[in-house]
Amino acid sequence: MKVNDPRAPLVSIITPSYNQAGYLEETIQSVLGQTYPNIEYILIDGGSTDNSLDVIKKYADKLAYWESVKDKGQTDAINKGFARATGEIIAWLNSDDTLEPQAVAEAVAFLSEHPEVGLVYGDAHYIDEKSRVIGNFPAAQTDLKKLRKGYVHIPQQASFFRKSLWDQVGPLDDSFFFAMDYDLWTRLAAVSELRYLEGRVWANFRLHADAKTIAADDRCWPEMLRVHYREGGSFLAPIVLKYYIRKLAAPFIRWRRKRMFKQD
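Residue numbers (the numbering used here): -10 to 253.
Errors might be hidden in some of the hints.
To be verified - Listed below are the simulated DSSO-like cross-link pairs for lysine-lysine, each with C-alpha atoms no more than 30 Å apart in a straight line: (1) 51 <-> 69; (2) 69 <-> 59; (3) 119 <-> 47; (4) 135 <-> 236; (5) 236 <-> 134.
Said to hold, decoys possible - With beta-carbon atoms standing in for the labels, derived distance ranges: (6) 140 <-> 98: 22 to 28 Å; (7) 122 <-> 142: 17 to 23 Å; (8) 234 <-> 91: 22 to 28 Å; (9) 219 <-> 121: 36 to 42 Å.
Derived from the structure by calculation, the hints contain no laboratory data.
Every value quoted in this text rests on a predicted model; they were computed, and no experiment measured them.
Yeah, the Cβ is synthetic: ideal placement off N, Cα and C, and Gly gets one too.
Given these sequences and hints, build the entire structure.
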């Protein structure tokens, strides 16, 4: 991707992709445009039927590896990518999200200076279909105790962690459609420190009508509860209350989102 600097730790970034041709090129460019000199970029496509393959082939010579074959979904694609990753630090970026140019450099610098930290994350903007900023992800410092109560607040797009920890607690549980990142954060937090760098905007989380965050939001909270109870969580924990509040509010949330995405 760039001329490698042997002094810089190798960072592996995985992009799982399926039928997101409208956003995929911007995602790829945001990784290729990083200021950091030593990135291994791996793209795992699930056999897209739109023109994603044309986009991927356009950048094929800049990718460490890519494939386009039918898989079991996003979680499977991420696992396949990390199985090929050789970097010391790893991350994944979905095919409709983007990184800010300095993200990798700042994450690597922090992890290099703080060996006790296993995962570092910054802030993320919400963006719309036209890449306009429409809000901010509610990122905040968390830990295992808070995660078990549902206090997640980790933007996956802006998160970087050590491959040695992935080798210890991975892979992702492919029975999860939605909460595989929450599941991973709890496992990482059980063996290492997580650190939030407030004010460092590292990524953009795209919200659009076809995004699973919008289209399949009702699957998120039940999966989070699976993780909560697996970790010995209480029926009286805040995450359980949040689930029932969210369930009651679901019709209004869906109505509000439909209105938002009908707007230009």
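Checklist entry - Taking each numbered hint in turn, which are not upheld by the structure, reported in ascending numerical order? => result 8
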